[in-house]
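Chains as they are written, first to last, in numbering that gives the first Met the number 0: chain A, 0 to 223; chain B, 0 to 223; chain C, 0 to 223; chain D, 0 to 223.
Warning: the hint list may mix true and false statements.
The following label-pair restraints were derived from C-beta to C-beta distances [as the list claims (entries may be wrong)]: (1) A:Ala124 to C:Thr60: 29 to 35 Å; (2) B:Ala146 to D:Gln158: 43 to 49 Å; (3) C:Ala19 to B:Ala146: 32 to 38 Å; (4) B:Ala70 to A:Asn174: 52 to 58 Å; (5) B:Arg166 to D:Thr144: 52 to 58 Å; (6) B:Gln158 to A:Asp159: 46 to 52 Å; (7) A:Asp68 to C:Arg172: 57 to 63 Å; (8) D:Gly61 to A:Arg172: 26 to 32 Å; (9) D:Gly61 to A:Glu155: 32 to 38 Å; (10) D:Gly141 to A:Glu155: 53 to 59 Å; (11) B:Arg166 to A:Ser131: 50 to 56 Å.
Keep in mind that the hints were calculated from the coordinates and are not lab data. For each residue, glycine too, the CB sits at the ideal point set by N, CA and C.
There are 4 protein chains.
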Amino acid sequence: MAKPKKLKRERASRTVPFAAIAAELAAIGRQFYARGWVLGTSGNFSGVISRDPMRLAITSTGLDKGALDAASFIEMDDAAHVVRGNGEPSAEALLHVTIVRALGAGAVLHTHSVWSTVLSGKHAARGGIEISGYEMLKGLEGVRTHAHREWLPILENSQDMTELSGRVTNLLRENRGVHGFLLREHGLYTWGATVQEAKRHVEILEFLMEVVVRAAAMRSERGA
Amino acid sequence: MAKPKKLKRERASRTVPFAAIAAELAAIGRQFYARGWVLGTSGNFSGVISRDPMRLAITSTGLDKGALDAASFIEMDDAAHVVRGNGEPSAEALLHVTIVRALGAGAVLHTHSVWSTVLSGKHAARGGIEISGYEMLKGLEGVRTHAHREWLPILENSQDMTELSGRVTNLLRENRGVHGFLLREHGLYTWGATVQEAKRHVEILEFLMEVVVRAAAMRSERGA
Amino acid sequence: MAKPKKLKRERASRTVPFAAIAAELAAIGRQFYARGWVLGTSGNFSGVISRDPMRLAITSTGLDKGALDAASFIEMDDAAHVVRGNGEPSAEALLHVTIVRALGAGAVLHTHSVWSTVLSGKHAARGGIEISGYEMLKGLEGVRTHAHREWLPILENSQDMTELSGRVTNLLRENRGVHGFLLREHGLYTWGATVQEAKRHVEILEFLMEVVVRAAAMRSERGA
Amino acid sequence: MAKPKKLKRERASRTVPFAAIAAELAAIGRQFYARGWVLGTSGNFSGVISRDPMRLAITSTGLDKGALDAASFIEMDDAAHVVRGNGEPSAEALLHVTIVRALGAGAVLHTHSVWSTVLSGKHAARGGIEISGYEMLKGLEGVRTHAHREWLPILENSQDMTELSGRVTNLLRENRGVHGFLLREHGLYTWGATVQEAKRHVEILEFLMEVVVRAAAMRSERGA
Numbered sequence: 000m001a002k003p004k005k006l007k008r009e010r011a012s013r014t015v016p017f018a019a020i021a022a023e024l025a026a027i028g029r030q031f032y033a034r035g036w037v038l039g040t041s042g043n044f045s046g047v048i049s050r051d052p053m054r055l056a057i058t059s060t061g062l063d064k065g066a067l068d069a070a071s072f073i074e075m076d077d078a079a080h081v082v083r084g085n086g087e088p089s090a091e092a093l094l095h096v097t098i099v100r101a102l103g104a105g106a107v108l109h110t111h112s113v114w115s116t117v118l119s120g121k122h123a124a125r126g127g128i129e130i131s132g133y134e135m136l137k138g139l140e141g142v143r144t145h146a147h148r149e150w151l152p153i154l155e156n157s158q159d160m161t162e163l164s165g166r167v168t169n170l171l172r173e174n175r176g177v178h179g180f181l182l183r184e185h186g187l188y189t190w191g192a193t194v195q196e197a198k199r200h201v202e203i204l205e206f207l208m209e210v211v212v213r214a215a216a217m218r219s220e221r222g223a
Numbered sequence: 000m001a002k003p004k005k006l007k008r009e010r011a012s013r014t015v016p017f018a019a020i021a022a023e024l025a026a027i028g029r030q031f032y033a034r035g036w037v038l039g040t041s042g043n044f045s046g047v048i049s050r051d052p053m054r055l056a057i058t059s060t061g062l063d064k065g066a067l068d069a070a071s072f073i074e075m076d077d078a079a080h081v082v083r084g085n086g087e088p089s090a091e092a093l094l095h096v097t098i099v100r101a102l103g104a105g106a107v108l109h110t111h112s113v114w115s116t117v118l119s120g121k122h123a124a125r126g127g128i129e130i131s132g133y134e135m136l137k138g139l140e141g142v143r144t145h146a147h148r149e150w151l152p153i154l155e156n157s158q159d160m161t162e163l164s165g166r167v168t169n170l171l172r173e174n175r176g177v178h179g180f181l182l183r184e185h186g187l188y189t190w191g192a193t194v195q196e197a198k199r200h201v202e203i204l205e206f207l208m209e210v211v212v213r214a215a216a217m218r219s220e221r222g223a
Numbered sequence: 000m001a002k003p004k005k006l007k008r009e010r011a012s013r014t015v016p017f018a019a020i021a022a023e024l025a026a027i028g029r030q031f032y033a034r035g036w037v038l039g040t041s042g043n044f045s046g047v048i049s050r051d052p053m054r055l056a057i058t059s060t061g062l063d064k065g066a067l068d069a070a071s072f073i074e075m076d077d078a079a080h081v082v083r084g085n086g087e088p089s090a091e092a093l094l095h096v097t098i099v100r101a102l103g104a105g106a107v108l109h110t111h112s113v114w115s116t117v118l119s120g121k122h123a124a125r126g127g128i129e130i131s132g133y134e135m136l137k138g139l140e141g142v143r144t145h146a147h148r149e150w151l152p153i154l155e156n157s158q159d160m161t162e163l164s165g166r167v168t169n170l171l172r173e174n175r176g177v178h179g180f181l182l183r184e185h186g187l188y189t190w191g192a193t194v195q196e197a198k199r200h201v202e203i204l205e206f207l208m209e210v211v212v213r214a215a216a217m218r219s220e221r222g223a
Numbered sequence: 000m001a002k003p004k005k006l007k008r009e010r011a012s013r014t015v016p017f018a019a020i021a022a023e024l025a026a027i028g029r030q031f032y033a034r035g036w037v038l039g040t041s042g043n044f045s046g047v048i049s050r051d052p053m054r055l056a057i058t059s060t061g062l063d064k065g066a067l068d069a070a071s072f073i074e075m076d077d078a079a080h081v082v083r084g085n086g087e088p089s090a091e092a093l094l095h096v097t098i099v100r101a102l103g104a105g106a107v108l109h110t111h112s113v114w115s116t117v118l119s120g121k122h123a124a125r126g127g128i129e130i131s132g133y134e135m136l137k138g139l140e141g142v143r144t145h146a147h148r149e150w151l152p153i154l155e156n157s158q159d160m161t162e163l164s165g166r167v168t169n170l171l172r173e174n175r176g177v178h179g180f181l182l183r184e185h186g187l188y189t190w191g192a193t194v195q196e197a198k199r200h201v202e203i204l205e206f207l208m209e210v211v212v213r214a215a216a217m218r219s220e221r222g223a
């Protein structure tokens with residue numbers, strides 16, 4: 000399975016300290032919570048410590064994202080088994096492993112905003128939404144012009160993580176170059192070569208979804 | 000009157016220190032104020048100190064929720080008589096007692112957001128609103144899938160707290176498993192086995208109400 | 000000209016220290032700025048120091064409300080002449096004097112939110128908007144039930160403060176019991192016996208205006 | 000090419016210290032980030048150090064605006080070549096030079112909000128939007144009444160900065176007295192004689208765009 004070139008540089012065997020990733024993700028998580036993107040213990044965040052063997056720092060399940068600190072994270076392997084720290088990974092931890100494996104990502108962030116929930120509900124039947132013409136698209140890694148057409152796929156939600164991981168693997172194989180995807184009435188998954196790149200992708204995709212929802216509310220005025 | 004199993008573990012006779020509950024509720028209240036959910040002295044928050052005799056820590060009436068601290072709370076009995084601290088409970092304190100009695104809750108939180116006000120006004124004639132299909136529902140205690148159908152009842156508002164308490168008692172008896180209810184053009188009541196569980200329920204229900212209101216604004220575009 | 004009974008208790012000849020009022024108003028102003036209610040140097044805030052002679056602490060004109068401190072205030076007399084501090088009062092300072100005189104208010108707050116701007120534009124032709132049925136109304140001084148009908152008058156905006164002050168005087172004489180008024184596509188004036196009461200009135204009226212605007216956006220869905 | 004009188008006073012040869020401008024712009028940038036106006040590394044901010052030779056302090060490209068400090072800025076000349084500091088200016092730095100040259104501005108701020116993105120998309124075909132009747136307009140330099148008609152031009156977006164700079168030069172020559180312009184589905188450029196005046200213009204124009212978008216969503220209700 001081919002991976003996008005842009006992330007390949009991250010696939011070397013370097014190791015990033017658990018504590019550094021955990022602290023960086025905790026700060027980002029608290030900020031997202033303040034914006035209302037991960038309320039009610041929703042959302043989860045991971046960063047790659049090493050790739051061979053695969054080790055991820057990831058949020059423990061069920062935590063208040065407004066109170067995240069380094070102790071809120073565990074280290075897990077590619078079967079989502081805990082190898083360090085107290086707590087359990089979320090059932091969705093398997094999706095993080097799937098994305099890291101498929102794309103060589105260095106970090107995976109999952110948010111759960113009002114905008115992604117509304118938008119993924121409205122557009123689910125079309126399997127996704129094309130977003131184009133916005134300058135903000137240029138903040139997505141590798142995008143050079145606002146004329147870029149970003150396809151944001153929408154997958155049906157599921158509680159069966161093995162089945163869902165399989166669909167995510169297929170999705171990423173068949174849609175080279177996507178920067179994220181939505182689970183229907185659930186939320187956004189995006190990633191990056193680094194934690195900061197993944198954070199930027201969250202901000203950009205959340206911004207664009209808010210724009211699409213608000214533009215649709217405004218457009219109604221012209222209808223009649 | 001039967002209580003939902005999930006809260007029964009809380010009904011033992013343990014005592015929680017007044018100061019600890021007051022400090023925890025004060026921090027939550029200031030956060031809700033920052034989000035605009037308890038403006039203008041609206042809202043009130045309580046936590047169970049003991050069940051036999053019943054003692055609740057509850058916000059004094061008429062306070063600015065942006066300036067809450069432990070001194071903003073009083074301790075009261077099940078007739079809403081003050082047994083510790085300065086201040087008076089809100090007239091709605093009786094609803095807190097009713098909910099603790101009916102469900103064995105350990106904490107009761109009442110918020111007063113724009114979303115709950117708008118939504119409860121629109122759907123009052125139907126007696127409530129069914130919310131289903133959202134992953135966020137899984138944050139409600141005991142819910143295991145987004146396919147869950149949550150019934151959020153709406154009661155007519157009233158200034159007669161004895162009469163209203165009676166209706167709340169009936170509502171909770173006839174709607175086993177609800178996680179909250181709305182008073183029409185007034186706000187949300189929700190609860191939990193612990194203060195943190197009740198806080199999570201506020202965030203989840205406020206989120207879901209915002210989603211429903213925004214989705215309705217967007218849908219208008221398709222009408223014509 | 001009769002004044003509403005509820006404010007009469009404030010009309011005694013007591014003196015409140017300038018520094019205390021200025022500090023209290025500065026903290027409120029910074030909070031309103033954070034909420035986006037007084038952007039771009041809009042808004043002004045005053046509190047009564049003494050009534051005979053009349054002395055008000057009021058924001059200097061043209062300041063960034065996010066950086067208010069006690070030095071941002073001047074003391075002025077009932078002709079809006081500065082008697083203490085550096086700076087000039089806004090041209091609208093005369094409206095503060097008018098309101099204090101007409102109602103015996105202890106504080107006058109003027110905000111300039113998106114909600115009041117949109118709402119006052121839509122409803123200007125009707126001369127005001129009636130708001131009723133909301134529990135939040137009970138936070139307005141003297142209101143005991145959500146069934147209360149609050150008339151929120153809307154005056155045409157003007158740059159002639161003498162003329163506008165005259166209209167405000169008439170408005171307050173003819174609409175006993177109002178808790179605030181709007182200037183068309185300009186903003187809200189409200190007041191209270193104390194600074195804290197006036198702050199509460201801002202929060203409640205801003206909340207109610209947001210509810211009315213959002214409910215109207217949602218209602219559109221039902222039109223067709 | 001004539002310049003508006005109001006900015007001429009700034010065209011003297013005084014020099015403002017790089018560090019002071021950088022610190023002031025960094026604080027403003029963090030505040031705009033908190034409001035969601037410069038997410039995902041979007042936006043850029045500049046201030047004039049000297050005019051002859053022309054030297055600007057400007058944000059380095061690609062930075063997270065929530066973490067700006069003085070080290071986030073470089074000093075550049077009128078060809079956008081770096082003369083101090085680490086980092087590279089954004090490709091859009093040429094637009095800052097163009098605006099400073101055409102108007103004698105002392106600071107140029109570029110934000111990228113949801114409101115400007117939605118509004119510039121809706122009104123692009125008309126080449127701009129006229130905003131009138133709002134008291135908030137009086138916060139724009141030189142405006143004395145809410146009856147003022149502010150023309151907010153909208154330019155097609157482009158990745159060719161030389162071509163775009165030429166169009167901006169023409170726009171500013173042909174539209175004397177504008178206080179800002181929009182790039183389609185990209186964002187707002189505004190300026191001021193000082194950094195604080197430019198900041199005020201951002202707040203006012205962002206406010207007015209939010210008002211226009213929200214009023215349009217509300218108006219839909221009346222359509223049918």
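How the hints compare with the structure:
1. Distance hint check: the CB atoms of alanine 124 (chain A) and threonine 60 (chain C) are about 55 Å apart, inconsistent with the given range 29 to 35 Å.
2. The hinted range of 43 to 49 Å is satisfied by alanine 146 (chain B) and glutamine 158 (chain D), whose Cβ atoms lie roughly 46 Å apart.
3. Take alanine 19 (chain C) and alanine 146 (chain B): their Cβ atoms lie about 58 Å apart, and the range 32 to 38 Å is violated.
4. Between alanine 70 (chain B) and asparagine 174 (chain A) the C-beta distance comes to about 57 Å, which sits within the given range of 52 to 58 Å.
5. Roughly 54 Å separates the CB atoms of arginine 166 (chain B) and threonine 144 (chain D), a value that falls within the hinted 52 to 58 Å.
6. Range check, glutamine 158 (chain B) to aspartate 159 (chain A): about 49 Å between beta-carbon atoms, so the 46 to 52 Å window is met.
7. Under the hint 57 to 63 Å, the C-beta atoms of aspartate 68 (chain A) and arginine 172 (chain C), about 59 Å apart, fit the expected range.
8. For the hinted restraint 26 to 32 Å between glycine 61 (chain D) and arginine 172 (chain A), the CB-CB distance of approximately 30 Å keeps it satisfied.
9. For the hinted restraint 32 to 38 Å between glycine 61 (chain D) and glutamate 155 (chain A), the CB-CB distance of approximately 36 Å keeps it satisfied.
10. Between glycine 141 (chain D) and glutamate 155 (chain A), the C-beta spacing of about 56 Å keeps the proposed range 53 to 59 Å intact.
11. Distance hint for arginine 166 (chain B) and serine 131 (chain A): a CB-CB separation of about 52 Å, consistent with the stated range 50 to 56 Å.
Of the numbered hints given earlier, the model fails hints 1 and 3; all others are met.
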